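Can you make the complete structure from the sequences, with help from the hints?
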Amino acid sequence: MATATLSETKPKRTKKLKVSHTVSFLSALPWIGPALFLIILVVIWPVIILVRTSFTDISLAGSLLDFNGIQNYRDLIGNMDLYPVLRRTFFWVFGIVFFTIALSLPLAQLINQNFPGRRFVRWALIFPWAASVVMTSMIWSWILDAYSGELNLTLTQLGLITEPVDWIGNPSTSFLFLMWVAIFVSIPFTTFVLLAGLQSIPNDIVEAASVDGASSWQIYRKIKFPLLRNSLLIATIINLINVFNSFPIIWVMTKGGPGYDTDTTITFAYKLAFIEGNMGQSTSLGVLNFVLILIVVGFYLKATKATRTEV
Amino acid sequence: MKKLINRSVAVAASFALAAGALVAAAPAQANTVTIKVMTPNYTPLMPAYYADLNKRFEAANPGIKVEHENLEWSDLVVKARTLVATKSYPDILNHNAFAEYAAEGLLHKASDLFTDKALSDFATAFRDNSKYNGVEYAVPDLASSRMFFINKALFYGAGNTKIPTTWAEVTAASKKIKAKYGSRVYPLGIPLGQEEAQAEFQIWAGGNGGRYFDEKTSKWVINSAANVQTLNQLKAWTKAGYTQPNPASTNRTDVFRLFAQGKVAMLNASNFFPSDLKTIYKSKVDYGVAPFPTAKAGTKAITLGVQDYYMAFKKTGNQDAVSKWLNFLFEPKNYAAFLKATGGFIPATKSASTEVDSTLLPYIEQLDNAIFYPGTLGSWGPVNAKIQTQIGGGITKDAKTVLDAIQKAAVAAGVK
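The listed protein sequences correspond, in order, to chains P and G.
Quick note: the first sequence, position 76, residue 76 per the numbering used here, numbers continuous.
Quick note: the second sequence, position 272, residue 272 per the numbering used here, numbers continuous.
Calculated from the structure, these hints are not laboratory results.
Do not rely on the hints blindly, as some may be mistaken.
Below, simulated DSSO-like cross-link-like pairs (lysine-lysine); rule was C-alpha separation at most 27 Å, straight line [said to hold, decoys possible]:
1. G:K296 x G:K79
2. G:K36 x G:K176
3. G:K117 x G:K340
4. P:K255 x G:K408
5. G:K239 x G:K216
6. G:K131 x G:K397
7. G:K314 x G:K55
8. G:K152 x G:K263
9. G:K296 x G:K175
10. G:K300 x G:K36
11. G:K36 x G:K333
12. G:K117 x P:K255
13. G:K408 x G:K79
14. P:K255 x G:K397
15. G:K152 x G:K296
16. G:K235 x G:K162
17. P:K255 x G:K239
18. G:K416 x G:K109
19. P:K305 x P:K255
20. G:K87 x P:K255
21. G:K216 x G:K408
22. G:K263 x P:K255
23. P:K255 x G:K235
24. G:K55 x P:K255
Since the model is a prediction, treat every value here as computed from it, not as a measurement.
Next up, the structure:
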């Protein structure tokens with residue numbers, strides 16, 4: 001019986017909703033129109049062009065030679081250099097986001113405490129965020145330079161190494177250093193998002209817990225951390241997208257080299273197009289990057305929806 | 001009401017004024033041509049040279065404006081390719097490759113920019129290297145050849161008596177240098193980083209009979225046995241600790257700096273290196289030069305000849321202006337100053353060759369045994385880029401695999 005009424009009312013309701021949706025969309029159009037137009041122009045249109053281009057044969061000079069179906073995708077899949085790059089991109093994205101969050105959590109906790117010089121620490125923490133990423137990367141590549149870098153100089157003077165170590169020249173260490181720089185520039189944003197989350201936790205809950213005899217670890221574990229969930233989620237997702245699309249750090253420090261040993265899919269796509277003049281494979285990789293990012297964004301939408309219903 | 005009329009009169013008047021200004025401005029604009037010139041920074045003296053040249057050029061040619069951009073080599077390569085791919089061509093480009101642009105039909109013919117008489121002053125061999133399908137699309141601006149440099153103090157100080165002429169002698173000399181100075185000195189500088197890997201590899205491979213391209217059969221031969229053997233030799237020297245660490249990520253300028261600091265004992269360098277040592281690195285290293293070592297005794301030493309090009313992109317209405325600018329640059333006085341600013345290159349014109357510095361003579365003699373890149377192929381640009389980024393990988397990975405991969409890309413790029 002109950003199911004019958006449900007199935008009876010359901011179509012009616014959706015129909016009503018549909019009508020009101022169209023009406024409300026039309027009445028809203030004058031307001032959202034300009035934004036919509038902008039989105040179509042700068043987001044949707046380039047995507048259409050990108051996808052279309054990936055099915056064409058394009059010369060070095062950018063002249064369209066012919067449509068060649070899925071040949072570009074075939075070439076890309078047949079390019080054996082792609083697979084190590086994909087693997088590395090995976091490590092790059094998840095490694096950096098994981099360590100960024102892991103380091104930002106205690107940092108946010110620290111600068112949420114009241115201590116003399118807190119304002120100074122907060123400013124210092126903002127610095128890598130305020131400075132241009134290109135600048136930060138250059139400074140790090142100078143620090144890590146094999147022959148005149150500060151790190152080798154210090155290590156030599158401390159007697160820890162006898163001959164210079166080429167930190168960013170050697171692919172086995174350089175990628176870790178690139179990741180470190182990416183973590184370094186991601187920490188400020190993440191920390192401040194988490195700090196905002198910490199500050200939104202009402203004080204009375206914490207006080208009540210401590211009156212009840214909870215230790216500070218218990219308060220953090222059982223009260224603060226669960227309440228940080230939202231900001232943690234936002235920080236994670238935004239970092240995922242940022243780090244995936246990150247280009248300047250790798251380009252400034254190693255140009256993805258030697259060979260493709262420190263490339264991610266983003267620098268690899270750039271290299272294919274503008275160094276090797278391989279437009280076809282590069283555009284198909286562009287589409288692949290777009291799909292990967294869509295998957296990440298899908299996670300984002302799903303995750304935020306989940307929290308919205310819960311809160 | 002009166003107020004309103006006044007206002008509309010004022011508006012009308014301002015419109016009329018603006019229109020008048022537009023009409024007045026229009027003819028002046030039509031007369032001015034702006035040309036974009038993009039050049040590599042051969043030395044730190046180049047910006048000052050071009051600033052002076054462009055100032056005098058603009059004064060002599062009212063109606064032509066020059067927008068000049070001087071870039072480091074690695075930036076120039078990327079920027080030129082990006083600009084061309086996005087169809088925002090420079091008007092004039094000074095670069096190490098021209099054929100890929102000629103193949104796309106983007107360049108003015110040299111004969112449309114220079115008179116026959118002016119063209120005949122360029123050295124014939126360099127003119128031949130500037131042809132695509134038999135037509136000149138560029139003019140040479142200068143050339144270089146290379147020799148084997150040694151730091152005399154380090155080299156002889158380690159007990160060596162004779163500059164190596166074969167790979168075996170290079171090994172022996174390196175061993176002595178390493179034994180004497182330990183980790184303070186790298187016996188051999190081998191830069192296989194992106195900046196100039198193609199040159200470093202070619203000059204070693206050339207001494208073993210290896211090439212990138214076989215002119216006779218018109219085929220890419222990048223993974224030839226001679227080339228594999230060469231890459232394995234470079235790998236062996238690296239493994240033995242005779243080179244600086246990580247040749248695959250070391251650029252030419254890095255080893256130049258190390259040589260200038262007295263930390264590298266032997267390396268391959270061009271005719272402009274002595275001037276760089278003096279003016280850029282302020283180095284007092286006492287160096288010796290000799291023909292490049294070959295794989296085995298008895299083979300004739302080779303050198304790598306490199307020439308760069310000036311080319312002009314076809315754009316509506318720019319032919320006259322780019323022709324004037326290029327001819328102005330090659331006026332004897334201006335060209336002499338150009339050569340001076342670039343610091344010790346081999347001149348590209350016959351007239352300038354008569355008065356070269358005597359220190360350049362050995363390099364010019366070497367040109368008879370020079371290997372040139374297959375620069376007249378339209379596919380050389382992308383193949384060269386692939387070599388530059390990939391060949392250094394052979395130091396840590398399997399040499400044959402690395403060369404096979406480059407060969408495959410070269411074959412795919414074709415011979416056109």
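Review point. Failing hints, ascending?
Key: 1, 2, 5, 6, 10, 12, 19 and 24
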